[in-house]
Each structure stands twice: as structure tokens, then as C-alpha cells.
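Student: Sequence:
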Amino acid sequence: MKLTPILKLVRLSALPSAWADQFGGMALASVLVGAGYWRFEPWKIALLLPMSFGIYLGGMALNDVLHVRKDRLLHKPRPLATGDLTLTQGWLITLLLFTLGIVCGFAAGCGGAVLALIALIFLYNHLAAGRIRGVDVVHPKAWTIASVAVIAGCRAIHVLLPLMAHAGPAKLPALLSVHTVAALFAASVFAYFCLVTIVSLFEDSGGGRLALRIVSILLLPTAMLLPVWLLLRPGSADSPVLGIFVPLLVLASLLLMLWRKLDAARREPIPPKLGACVGAGIRGEALLMCGFALMLAHAQPWWGLLALGCYPAGSILSRWISPT
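Sequential numbering from 4 applies to the sequence shown in this note's numbering.
Any given hint could turn out to be false.
Claimed, not checked - Pairs of lysine to aspartate or glutamate, DMTMM-like flavour, derived with a Cα cap of 25 Å:
(1) K73 / D87
(2) K73 / D266
(3) K144 / D87
(4) K79 / D207
(5) K144 / E44
(6) K174 / D266
(7) K276 / D266
These aren't lab readings, by the way, just hints derived from the structure by calculation.
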């Protein structure tokens with residue numbers, strides 16, 4: 004097997020955004036230590052990163068494995084559709100990556116959540132595949148709506164894995180109900196990826212001007228709800244530079260970048276410009292996590308700065324290995 008088709012199969016360029024989730028999740032776990040449930044253990048990031056590597060890239064490979072017939076009908080330049088990799092090789096890569104994610108997940112203390120996440124990834128790919136009728140691919144509306152919610156839910160679970168690795172998956176419902184910051188953190192990620200996924204629905208066919216306008220409007224509350232809530236809390240001005248100015252600047256940069264991309268796509272809603280919006284949205288998760296992490300844990304700024312570093316890493320990888 005050649006390396007380049009494998010890297011395209013697993014969408015390596017999207018990996019930094021997944022790792023940014025883990026850095027943001029570590030910041031959240033660190034500030035909730037005061038809840039008295041656990042002792043914060045920074046070393047767990049050494050298990051969470053390979054876990055995320057396995058789950059995220061395995062999910063990307065699974066997408067191509069389960070969508071190979073659809074991709075061939077749509078003439079997508081993906082390794083399985085073009086024959087650069089066989090279906091057996093695709094399954095082997097997928098299972099190896101998921102195995103890595105599961106092993107590291109159990110070692111980190113969130114193995115049950117990892118298994119649930121993988122099950123949801125399978126469900127999403129089934130819903131997103133649609134139905135093939137002759138030479139056409141049909142996407143039932145109910146399946147499409149469900150797929151948006153499922154994949155956004157996957158991302159929300161993914162970003163909460165560091166918290167579950169510390170507190171245990173069984174305590175997550177109680178944490179979300181008692182600690183507003185955890186619920187807002189997860190809800191913001193869920194809403195953000197709902198918006199990104201909605202744009203991706205038009206990536207193959209073009210169009211969707213109204214949807215793009217709605218996404219542009221909803222981006223602001225999605226990115227700013229958690230920061231506004233944090234600013235209203237006592238003690239928010241303890242670190243005005245790292246805790247307020249820098250994260251708000253990062254979040255403003257994210258919004259301006261996405262608005263510019265969405266505006267260009269709305270004026271000319273063709274697949275390349277819509278694809279650019281989706282790619283920017285996925286890479287932009289690193290900026291979202293940076294802003295959230297710095298505002299949450301400005302006393303431990305390295306989590307936010309590591310998340311910020313994932314943004315240029317994703318941009319560089321996307322130029323080296325073009326996402327398909």
C-alpha cells in the first residue's frame with residue numbers, strides 16, 4: 004500500500020482539529036477539579052491524543068468504506084472509489100485505527116464512551132450514505148436531519164472525553180446538569196458542528212443560499228454564548244490579557260474568516276466554494292477550542308495555546324494532503 008492514498012483515506016489534514024478538541028477538553032477538566040470528583044492528571048493527554056487519532060481517523064476511513072458505491076456513482080476522487088486502495092485494505096485500516104482508539108480509551112478511563120462514540124460513527128455513516136436507486140443517490144430528509152444531529156453529537160462527545168477520562172463516564176450526566184460551564188461547552192461544540200455539517204450537505208450539488216445565510220447568523224451566538232457567560236461570572240477579569248483579550252481576539256478571527264468564506268459561497272454557491280467553507284469550519288474548531296480553553300483555564304494557558312497551534316498545522320496538512 005502506498006502512503007499517500009492511506010493519508011487521503013483517513014483525511015489526515017483534519018486530525019489537528021480533533022486534537023484541539025482534546026486540549027480544550029483538558030482545560031474544561033482542569034477547571035472542574037474543584038467539584039471534588041477527581042484529581043486532575045495532565046499526563047492523560049498522552050493517552051487521549053492517540054485515542055483521538057484512532058477514533059477520528061478511523062471514522063474518516065469508515066466513511067469511505069461504507070460510502071464506496073456512492074462515491075463511485077458521484078465520481079469522487081477518493082482512494083477506494085478510484086481503486087488506489089481495495090475495500091479490504093480500507094476495512095483493515097479502519098479496524099486497526101478503531102482498535103488503537105479503544106485500547107487508549109480504556110487506558111485513559113473513558114473506554115465505554117469511546118465504544119459508544121464508535122457506534123454513533125457507524126450510525127452517522129449509515130444515515131449519510133443515503134439510498135442508491137439505479138444511478139442516483141437519494142437522501143431521505145429524515146435521514147439527513149438525523150445525520151446532522153448524530154455527527155454533531157459525536158463531536159460533542161469527543162470533546163468531553165478528557166472530562167470523562169477524569170471523572171468517569173457515569174458522572175457525566177450529573178456534571179452537565181450541575182455545572183453550566185460543562186453543558187455550555189458541549190452545547191457550543193454540538194451547535195458549531197451542526198452548522199458545519201449543514202453547509203456540507205450542499206458540497207456535492209451546490210446551492211443552499213438560504214441555509215448559508217442562516218448559518219452565518221447562527222455562528223455568532225454559537226461561538227460567543229460560552230464566553231459571554233464566563234465574562235458575567237465573578238473573577239473573569241483575573242487575567243485580562245490571556246483570559247479575555249486573547250481568546251476574544253481568536254474567536255473574532257474565527258467568525259470573520261467563516262463569514263468571509265460563507266459570503267463568497269452565498270454569492271456563488273458552487274461545490275468548490277462550499278467545500279472551502281466546510282474545510283475552514285473543520286480547521287476553525289482549533290480556534291474555537293483555543294478561545295474556550297483560554298477563557299476557562301487562563302491559569303493553565305498551554306491547553307489553549309496547544310489548541311491554537313492545531314490551526315496552522317491543519318492548514319499545512321490540507322495543502323500537503325488535499326481532503327477528498
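Student: If a hint holds in the structure, say so; if it does not, say that too.
Tutor: Results for each hint:
For the suggested pair K73 and D87, the alpha carbons sit about 16 Å apart, so the restraint of at most 25 Å is met. A threshold of 25 Å between alpha carbons decides the hint, and for K73 with D266 the separation of about 30 Å lies outside it, so the pair is violated. Among the hinted pairs, K144 with D87 is inconsistent with the structure: their alpha-carbon atoms are about 33 Å apart, more than 25 Å. For a cut-off of 25 Å, the pair hint linking K79 to D207 stands: about 9 Å separates their Cα positions.
Between K144 and E44 the CA atoms are separated by roughly 44 Å; this puts the pair beyond 25 Å, and the hint is violated. Restraint check for K174 and D266: the C-alpha separation of about 42 Å exceeds 25 Å, so the hint is violated. Taking the CA atoms of K276 and D266, the gap is near 10 Å; set against the 25 Å cutoff, the hint holds.
Going through the hint list in order, the structure does not satisfy hints 2, 3, 5, 6.
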